[in-house]
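Novice: Listed below, chain by chain, are the residues.
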Amino acid sequence: MKKALSVVLTAAMAVSLAACGNDGGNAAGTTDAAAGGAAAESTESGAADAGNAAEADNGADAGSGAAAGEAFKIGGIGPITGDAALYGTAVMNAAQIAVDEINAAGGINGYPIEFKFEDDQHDAEKSVNAYNSLKDWGMQVLMGTVTTTPCVAVADMTAADGMFQLTPSASSTDVIANDNVFQICFTDPNQGAKSAQYIAENGLAEKVAVIYNSSDVYSSGIEETFIAEAEAQGLTVVADEAFTNDSKTDFSTQLQAAQSAGADLVFLPFYYTEASTVLKQADGMGYDPIFFGVDGMDGILGVENFDTSLAEGVMLLTPFAADADDEATQAFVAKYEAAYGSTPIQFAADAYDAIYAIKLAMETAGVTPDMSVSDMGSALSEAMPNITLDGLTGEGMSWEATGEVSKAPMAVVIKDGAYTAM
Amino acid sequence: MKKKTKDQLITIGSIAVLYLIVQILVKTGNMSSLMQGLLVPMCTYSLVAIGLNLCVGYLGELSIGHAGFMCVGAFAGAFCTKVLQGTIENGTLLFVFALFAGILAAALSGFLIGVPVLRLRGDYLAIVTLAFGEIIKNIINVLYVAKDGNGWHFAISDAKSMSLAEDSVWLINGAKGITKVPRLSGFTAGIILIVIALFVVYNLVNSRSGRAVMAIRDNRIAAESVGINITKYKLMAFTISAAIAGAGGVLYAHNLSTLTATPANFGYNMSIMILVFVVLGGIGSFRGSIIAAVLLTLLPEMLRGLSDYRMLIYSIVLILMMLFNWAPKCIVWRQRLAARFQKKTTKEAV
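Residue numbers (my numbering), protein chains in the order written: chain D, 1 to 422; chain Y, 1001 to 1350.
Simulated from the structure, these hints should not be mistaken for lab results. Backbone N, C-alpha and C define an ideal beta-carbon position, used for all residues, glycine too. Misleading hints may appear alongside valid ones.
Pairs of lysine to any residue, SDA-like flavour, derived with a Cα cap of 20 Å [as the list claims (entries may be wrong)]: (1) Lys116/D - Thr1346/Y; (2) Lys73/D - Ala379/D; (3) Lys248/D - Arg1211/Y; (4) Lys248/D - Lys1232/Y; (5) Lys1232/Y - Ser1033/Y; (6) Lys73/D - Tyr111/D; (7) Lys116/D - Met1302/Y; (8) Lys335/D - Asp390/D; (9) Lys248/D - Ile1139/Y; (10) Lys73/D - Ile1139/Y; (11) Lys73/D - Ser378/D; (12) Lys248/D - Ser1033/Y; (13) Lys116/D - Met1311/Y; (14) Lys248/D - Tyr1268/Y; (15) Lys1180/Y - Asp390/D; (16) Lys1232/Y - Thr1262/Y; (17) Lys248/D - Tyr287/D; (18) Lys248/D - Gly302/D; (19) Lys248/D - Ile1135/Y.
Beta-carbon label-pair distances, calculated as ranges [claimed, not checked]: (20) Asp390/D - Gly1029/Y: 39 to 45 Å; (21) Gly1029/Y - Thr308/D: 51 to 57 Å; (22) Asp161/D - Leu1306/Y: 25 to 31 Å.
Required output: the full structure, derived from the provided sequences and hints.
Specialist: What follows is the structure, given as structure tokens:
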């Protein structure tokens, strides 16, 4: 009996392998046909009879080939399930809005965009799987990944394939170690330093406490530069308290340390889920300093079962505020709210800008969908340092050849249950 | 030929055939990138499942910290690679050294845990391994190791206390883990490791020592009464089990360019996942463990088309598979089906 079962399972495995093999075959088929389709297209503008001949040559595949050859395929990767799902979902939704807008306005260089988003559950291995799956789909440019650790793994894959990658929000410096990767968000060191500068320049506090997640790359990266810069700016760091992914449900020790050290500002460089717990517990202890967060804090108003009045007065350094007065932001927020029923967070704005940055780079480089992935990649990497984008997350955003973005930081404060520009 | 030997040959033979099929598919360009990317993870989880099956199926002790051993193996292996990277150019040789380092480290930690715990009766191993898995993850997250012109620097608090020179190179950078690990793992390496692991466990299980281990599992008092050194044999089986998990970890570490110890990859959830492979594949059946590990690694990726419902469908399929394999009614039904099938074939033969 056991043997029969194992035979069946092995057979099932072989079939699934073969099925995947077929998928691969199809994908290869479409890329071939894509080249054919492009050929057919170039003849379209020329002599009509040559076009007919090309069509006849391509045979049955020509239909699908032409469809695939006429669009840029942009892929996205991020967590849409699991702990960091809010970020991935925001990026996915906002990118879709940008893609729909561009397609409605006639596409890039006259070609429409196809966009597909895959889940990575904020895990490096799953992220590489998602990347491979998108590659099978025919992705030419990657807008992702959303979170840092997976992004480092995927950046290595895109470098090997020569694919152009633009991450909306993966902020570590390791992400942009390769020439083909660019960032929309600030790097972690930048965020830490900018936060310290902002606090010092605006005279928000003198005694500062830091609570950070020592098992998280993003959080410990910011903490490191924040402390260095805070000391340079003349702030006194009175408490520097760590927690880990395994102890992120109780912050009373850290808060007590901050309180007894007399800190009048607590810097919270981590994600909103834990931040909501910190705010709840601080309220329970009757401790009410200024809480200052970074872009991971964005989204705190969307936490389920969280009393948003606790977040009153929380400041965060983020390049985007949903209630900003400018026309572009208001149009984007209106569209996002109409389509998805929630206020977009900074990650959404980053993704929206990322799609437009890709569009601008594509237009500058003059690429066409029939180019190979690596040709397109190197053309776009060359174009990137030459473009200037007025986006939602900053006016006149420009990029270094290293992949780092330069734009002005902005702080927002939570007032009456909404993010308000300061 | 003995039935057992035949059974083992079937397992290793089908692995070899599958390997050839996969290689042909890859070489002829008939395999999707997703599948190619999944080959190494499949090997990794198969290896760890084989290791755990030795512990659960033959030693009869529950371990829910095998992801911890995998983590030790992964970090020791990747660390070794980073250190030797400049001196050894050959990738294969580098990987072999990493394997030795990873397996040794995992075996050592298995041994150290086993010494006190395996003397106890009851499910203490489960509790201690669970704790071990969590501890090791946290230790690695606060470990800073760097190298510069002045030599080596270690710290277990923060990077600032290390006062590094300008030319420093990070080996382990706290929560950032080890980055830029060269990608030396491959499908071939994975298959070779699986075959070696199978060879080791099959020979162990069928040897005098293996029989002693199983005797302890079946009746500790009886085994003790015939003079079997309980702790020694338990320790041996557990150390080998941990070593195989460590080999899986080395394979894992060299497949992604970034290695961090997060709850998702080395937490207790992963340990439970490995236990699921073992239970679903059949406790004591190494072939079953491999099949279950491969299928359950494939499944969530194959379900990508379902987007939002993916994880829901995945859990439902998991429950159905478990029922199909273990529910008494289902076993009876399967046997009846097999009997009918057999009758039909004998009739046809007549």
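Novice: Which hint numbers does the structure go against, in order from smallest to largest?
Specialist: Failing hints, ascending: 1, 3, 4, 5, 10, 12, 15, 16.
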